[in-house]
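Given chain A's structure and the hints, the job is docking chain B onto it.
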Amino acid sequence: MTYDIIILGSGPAGLAAAVAARGRNKSVLVAGNPWQDSPLARAERVDNYPGLPGRTGLALLEEFYRHASGLGTDFVVGKVLALLAWNGFSLTVGSQVHQGRALILAPGVVRAAKYPGEAEYLGRGVSYCATCDGMLYRNRPVTVVGLAPDAPQEANYLHSLGCQVVYVAPRQPQGLDETIPYVKAGRLAVRGERTVTGLEADGALLPCAGVFILRRAVAPTDLLPALETEEGVIRVDRRMATSVPGVFAAGDCTGGPLQVSKAVGEGHVAALSACEYLDLQDRPQAAPTK
Amino acid sequence: MIHFNKETFETALAEGKLMMVDFWAEWCGPCQMLGPVIESLADRYEGRAVVGKINTDEEQALAMSFQITGIPTVIFFKDGKEIDRLEGVMPPDAFIQVLEKNL
Chain A
592 MTYDIIILGS GPAGLAAAVA ARGRNKSVLV AGNPWQDSPL ARAERVDNYP
642 GLPGRTGLAL LEEFYRHASG LGTDFVVGKV LALLAWNGFS LTVGSQVHQG
692 RALILAPGVV RAAKYPGEAE YLGRGVSYCA TCDGMLYRNR PVTVVGLAPD
742 APQEANYLHS LGCQVVYVAP RQPQGLDETI PYVKAGRLAV RGERTVTGLE
792 ADGALLPCAG VFILRRAVAP TDLLPALETE EGVIRVDRRM ATSVPGVFAA
842 GDCTGGPLQV SKAVGEGHVA ALSACEYLDL QDRPQAAPTK
Chain B
7 MIHFNKETFE TALAEGKLMM VDFWAEWCGP CQMLGPVIES LADRYEGRAV
57 VGKINTDEEQ ALAMSFQITG IPTVIFFKDG KEIDRLEGVM PPDAFIQVLE
107 KNL
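Protein sequences appear in the order of chains A and B.
When we follow the working numbering, the leftmost residue of the first sequence carries the number 592, and every step to the right adds one.
When we follow the working numbering, the leftmost residue of the second sequence carries the number 7, and every step to the right adds one.
Since the hints were derived computationally from the structure, they do not count as laboratory data.
It is possible that part of the hints are untrue.
To be verified - Derived EDC-like pairs: lysine to aspartate or glutamate, alpha-carbon spacing no greater than 20 Å straight-line:
no. : chain 1 : residue 1 : chain 2 : residue 2
1   : A       : K705      : A       : D828
2   : A       : K853      : A       : D628
3   : A       : K853      : A       : D828
4   : A       : K705      : B       : E93
5   : A       : K670      : B       : E32
6   : B       : K87       : B       : E13
Stated by the list, open to error - Here are some chain A residues the structure puts well away from chain B; computed CB gaps all over 12 Å:
no. : residue
7   : L651
8   : L662
9   : G663
10  : G708
11  : L727
12  : Q755
13  : D768
14  : E791
15  : E819
16  : Q850
All figures in this text were calculated on a predicted structure; none of them were measured in a lab.
No residue lacks a Cβ here, since even glycine has one placed at the ideal position from N, Cα and C.
Only chain A is shown next, with the shape it has when bound in the complex:
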């Protein structure tokens, strides 16, 4: 099915947007990492959210989630790998494609910083998707740069396909297959000629044909290159509209203060603006401005 609104991110901004959009009777899909992964879940005590002082961040988030879910929001959990703005919006989580008519970006703070050589060799040995590209590296040496909690599972998957995996991460991974060598390193650079030939890890060269860089999330500006930013955050107007028609943004991705009430307020506004965008599209005469 095609959803009215797809929301990327299940933190306070995304969940508040879902509540507001369901209130306007729009069909809503929330896609992204588990809601428990929001940085808010790690706040021991939140005392500045009006009316509900003294909660843990996790308790607050759980109530937001229950509220959105109880109103009939659909959820798909996983990393959003790719996004296409054409005939509406489609995005992929794992090997599934989901479609919507409007999009709200609420992924939180996602750093777009890349390793040297990463952008240059993207698609020529650098991959962000073990499921997509693993088969192309059967019986060949690959390194996995593990920066997400599920990265060890993806490394195990590559190993099971027959890739010769070396796992590189700044911290000891949990759940990595014992036969996969682990290299502790943080300073990384992708090396290559026409395609990747190795990964430099803290000065030592690990020869390989592929480098799988597995972060928690793909930055919105990598998912949607047309998105304009300002000082590292997504540029929005007061309606939370971005530079791309039909795309709205809310929460930490639009800049500080990184506070729950700010995220919730923006999520609400973004959802109402998305509803307005959809209603204008449905009216046969009027063309939407944004």
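Chain B alone, transformed into the frame defined by chain A:
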């Protein structure tokens, strides 16, 4: 839209026309997403360019010979030679630019 195997691909390549070939696989979500874009371009350029797909799972040797290291990858050919390639999911305009330049 043509689904190439090794034989049909080589025959088409030998004709030397402008070709656009999408290397994909079923398990790849981004490839599924790009599918409708490729199909729309096949319709739009019918008679002017050959637009087709190669399943990298079924045609591993072909994928290897073109050094496909990530999918989706779209390769453009003219006069039997590779002239350009685009990696990853992109809107139709990105492919149209290359096709128009080489028509």
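Holds or violated: K87 of chain B to E13 of chain B, with C-alpha atoms at most 20 Å apart: holds, 16 Å
Holds or violated: K705 of chain A and E93 of chain B, Cα atoms, limit 20 Å. OK: K705 of chain A and E93 of chain B at ~18 Å, within 20 Å.
Against chain B, does E791 of chain A hold up as non-interface, every C-beta pair farther apart than 12 Å? Its Cβ never comes within 12 Å of chain B, the nearest being 19 Å, so this holds.
Just double-check L651 of chain A for me: nearest Cβ-Cβ distance to chain B has to come out over 12 Å. Non-interface label on L651 of chain A holds, nearest chain B Cβ at 32 Å vs cutoff 12 Å.
Does Q755 of chain A really sit off the interface, with its C-beta more than 12 Å from all C-beta atoms of chain B? At roughly 15 Å from the nearest Cβ of chain B, Q755 of chain A sits farther out than 12 Å, so the non-interface label holds.
Check whether the Cα positions of K670 of chain A and E32 of chain B lie no farther apart than 20 Å. Since the Cα atoms of K670 of chain A and E32 of chain B sit roughly 18 Å apart, the hinted pair holds (cutoff 20 Å).
Hey, is G708 of chain A genuinely clear of chain B, shortest beta carbon separation above 12 Å? holds, 14 Å
Minimum Cβ separation between G663 of chain A and chain B greater than 12 Å? holds, 25 Å
For the pair supplied as a hint, K853 of chain A and D828 of chain A, is the alpha-carbon distance within the 20 Å limit? Holds, at roughly 15 Å.
For the pair supplied as a hint, K705 of chain A and D828 of chain A, confirm whether the alpha-carbon distance does not exceed 20 Å. Distance ~28 Å between K705 of chain A and D828 of chain A Cα, so the pair is violated.
Take a quick look at L727 of chain A and tell me if its Cβ sits farther than 12 Å from every Cβ on chain B, holds or violated. violated, 6 Å
Far enough from chain B: is every CB of that chain over 12 Å from the CB of Q850 of chain A? holds, 34 Å
In terms of the numbered hints stated before, the structure departs from hints 1, 11, listed from lowest to highest.
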